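A.B. asks: Make the full structure from the sequences, and use the hints.
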Amino acid sequence: GLFIDTLPIQLRIIDRKQQCRTPVSFVHIDCDIYDGARDILFLLGSRFVPGTILVFDELFNYPSYEKHEIKALFEFLSGSNLRLRAFGTSDNIELKPHKDLNVQSFAFATDSEEG
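Heads up, the sequence shown is in this note's numbering, so the first residue is 1 and it goes up one at a time.
Calculated directly from the structure, the hints in this document are not laboratory data.
Pairs of lysine to aspartate or glutamate residues, derived as EDC-like cross-links and limited to a Cα-Cα distance of at most 20 Å, are as follows:
(1) K67 - D32
(2) K99 - D32
(3) K71 - E58
(4) K99 - E66
(5) K67 - D57
(6) K71 - D30
(7) K67 - D35
(8) K71 - D35
(9) K71 - E94
(10) K67 - D30
(11) K99 - D57
(12) K96 - E66
(13) K96 - D57
None of the values given here were measured: they were computed from a predicted structure.
C.D. replies: And the structure:
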């Protein structure tokens with residue numbers, strides 16, 4: 001199913017079992033498209049804690065990347081007090097790639113706005 005349909009149900013199950021609103025400290029977003037990435041970020045974002053690790057599998061380095069995971073990330077951040085510290089990729093970022101490049105992943109850690 002779609003993240004928007006399945007993730008809220010799973011979060012309720014986990015919260016009920018833990019008897020609290022469970023924080024999220026690691027997220028690996030590997031859905032490739034805008035809608036899925038947006039849904040994950042907006043559904044989980046309020047559960048991020050300082051130091052939460054966000055890994056995006058296809059953030060950049062492919063044609064039209066700016067319409068997918070990175071767009072969802074920018075939209076999420078624009079409505080949030082969250083700041084991210086970049087700490088992981090193994091190659092350069094191409095702003096206008098004409099083909100898929102090998103390295104498309106990127107990792108961040110969350111930080112508070114005051115941080």
